[in-house]
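For the first sequence, position 117 (counting from the first letter as 1) is numbered 117 according to my numbering, and the numbering increases by one without interruption.
No lab work stands behind these hints: they were computed from the structure.
What you are looking at is a predicted structure, and each value in this text was computed from that prediction instead of being measured.
We put the CB at the ideal spot given by N, CA and C, even for glycine.
Don't take every hint at face value.
[Stated by the list, open to error] Each pair of labels, with its calculated beta carbon distance range: (1) 323 with 70: 41 to 51 Å; (2) 7 with 406: 39 to 49 Å; (3) 276 with 367: 22 to 32 Å; (4) 56 with 94: 27 to 37 Å; (5) 342 with 549: 31 to 41 Å; (6) 225 with 336: 17 to 27 Å; (7) 560 with 30: 27 to 37 Å; (8) 497 with 406: 48 to 58 Å; (9) 406 with 478: 42 to 52 Å; (10) 592 with 405: 29 to 39 Å; (11) 259 with 405: 45 to 55 Å; (12) 172 with 454: 44 to 54 Å.
[To be verified] No more than 20 Å apart at the CA atoms, straight line, and that leaves these computed lysine to any residue pairs for SDA-like: (13) 439 with 335; (14) 335 with 526; (15) 335 with 311; (16) 276 with 251; (17) 439 with 370; (18) 387 with 326; (19) 262 with 424.
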Amino acid sequence: MSDCLFQRYRTHVLDALRRIVPDMGEELLARVELTPTREAAHGDMATNAALIAAKPARRKPAEIAAELAAALESVEGVTKAAAAGPGFVNLTLKPAVLQSVARSVLAAGEAYGDSRAGADVKVNVEYVSCNPTGPIHVGHCRGAVVGDVLANLMDKAGFDVTKEFYINDAGAQVAALAWATYWRYLQAIGSTIDAEAFDALTPGGLQYRGEYLIPIGQALAETHGTALADEGGRPAKPEKWFALVKDFAVARMMDGIREDLKLLGVEHGVFTSEAKVLADGVTDRAIKALEDKGLLYEGVLEPPKGKLPDDWEARPQTLFRSTAFGDDVDRPLRKSDGSNTYFANDIGYHLDKVERGAQVLIDVLGADHGGYVSRMKAAVKALTDAKVPLEVLLCQIVHIVRDGQPVRMSKRAGTFVTLRDLLDEVGRDAVRFTMLTRKSDAQMEFDLDAVVAQTRDNPVFYVQYAHARCRSVLRAAEEMLGKEAITPEALLNVPLDGLEADVELALLRRVASWPRTVEGAALAREPHRIAFWLGDLAADFHTLWNRGRDETSLRFLQENDRAATLARVALVAATATAIRSGLAVMGVEPVEEMR
RNA sequence: GCGCCCUUAGCUCAGUUGGAUAGAGCAACAGCCUUCUAAGCUGUGGGUCAUUGGUUCGAAUCCAAUAGGGCGCGCCA
């Protein structure tokens with residue numbers, strides 16, 4: 001675990017504050033923060049301590065701030081502490097303190113920024129969770145990346161994270177998949193039945209007509225020959241084939257989905273089957289638990305306002321009293337055929353996650369599931385007596401555009417629909433990084449040309465370029481000083497007091513803000529902050545680099561000044577490490593050079 | 001009709017959970033640049049934080065109402 005500058009000095013602030021204003025409650029002290037300043041004129045850090053303390057002390061903030069500043073001025077490493085504005089205290093640190101940040105980074109390596117804030121709380125992050133009825137689609141892509149990076153982030157922040165995928169393999173959709181696969185199987189064994197005839201035979205009609213099921217039908221034919229059909233390749237009764245074909249198709253679909261996700265760099269630790277949760281009786285147990293709490297009843301729902309479904313009719317059904325937990329209406333658990341609704345099974349699944357030890361549940365869902373959130377939260381609240389929180393991250397739609405024009409998702413027109421096509425076109429790193437350049441709950445345009453453009457305004461490129469430049473300097477430094485001189489271990493012992501230029505200190509300040517960025521982003525469940533921090537860090541590094549163009553004295557490698565060179569190499573190595581630490585959370589590969 | 005999310009510079013977006021004079025990039029304008037790694041650099045202009053009210057030392061941030069955009073609204077997942 002790396003020590004965080006801000007945490008360290010915050011304890012000094014609290015110590016001083018306790019002396020000046022005794023008897024402050026813990027909850028008030030918790031609101032005291034020490035943050036980076038927005039402007040250089042305000043020093044390195046600022047605290048709101050005097051503003052917080054003013055009320056309980058019944059004193060003016062400026063007064064307390066002045067006393068606090070006087071006390072903090074004597075703290076080791078502080079050159080200046082000044083009251084400012086409505087009652088802030090600004091701290092200016094000795095350059096040596098900022099310089100030591102480079103050493104912390106080199107000592108910690110990519111573990112720099114690791115935090116214990118999560119206190120090993122068991123968090124289950126469920127994401128992607130698409131139907132296993134076809135290849136994974138670009139529509140799932142944002143949730144996949146957001147979920148994965150959130151999980152990485154929380155892991156880095158000290159949570160005990162499980163990455164989980166829920167396989168929706170129990171509903172009508174997989175039944176339709178089984179029928180469609182069977183159709184392809186019949187074709188593979190030479191049956192002449194056409195789509196229309198089979199469509200008429202299939203409950204709910206033949207839904208999945210995509211070519212991706214052809215090889216699966218063929219594989220079934222190879223294994224089972226004609227055994228799954230009646231004579232002449234005529235369709236047999238479902239009893240003869242349905243369960244087998246369904247399981248086979250789902251398994252094959254999941255193989256493909258797993259493979260595609262792996263190309264995106266997403267690997268879940270746990271896959272949970274809806275059918276298995278159901279078969280194991282967890283779902284029944286969950287429903288029983290709700291019943292025991294008196295939260296189920298037979299009732300008739302009001303028809304929905306606005307557009308009415310064509311076949312709507314009032315009907316008594318088993319309802320969960322979700323309104324008791326903040327939902328708008330009570331929700332049905334059984335379909336008219338007696339089977340569970342998706343919601344009912346999902347209640348079972350969430351109980352399953354809790355029974356496996358999760359203390360916090362996080363679902364990453366598409367925005368079209370927004371209407372589902374309050375009922376699921378209600379169910380989890382009811383099941384766990386509000387002991388296990390369910391948090392939901394909604395990801396808004398991504399519009400794929402090329403050159404500002406929307407890309408229509410049409411298979412017939414040959415424009416891509418699958419995640420794999422997107423990855424083939426722009427690459428994994430561009431997809432992952434770009435998906436996090438917006439808050440999850442904001443809509444986003446994904447421009448196929450812009451995300452691979454090698455320009456300043458492409459954050460993926462800009463961050464990669466910064467790392468490549470760092471590596472380039474380190475390679476040149478190796479030429480100049482020898483390999484042993486610039487290992488992280490060797491650089492740990494290099495004097496850093498030459499790093500005093502404003503651009504160098506600004507870079508160090510940014511690097512120093514990584515631990516608190518990790519904690520803040522993890523606690524707020526906002527993985528996009530990592531992408532923005534990386535962009536800021538890259539900008540600071542490029543600024544320093546560019547300054548060296550005009551002022552040769554600021555260049556990293558100085559032929560005649562070994563001490564200055566070593567200090568700067570340490571800074572560059574620390575910067576590269578910080579970038580890698582951030583990219584590791586993003587699941588993006590750092591590059592050694594741009595090509 | 002109801003619920004949830006969103007509205008910040010001409011454009012695309014941040015804004016560290018209520019802090020100081022609201023910030024980047026693009027575009028515009030003005031200079032510079034032939035390079036330690038090239039895909040540029042420096043500077044300038046640009047704002048009623050959708051609108052109105054409220055909460056308090058202090059609001060883009062919290063609350064209420066209004067306007068506009070998105071999503072959802074029994075047995076799809």
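- Message: Check the structure against each numbered hint from earlier and tell me which ones fail, lowest number first.
- Response: Violated: hints 1, 5, 6, 7, 11, 13 and 14.
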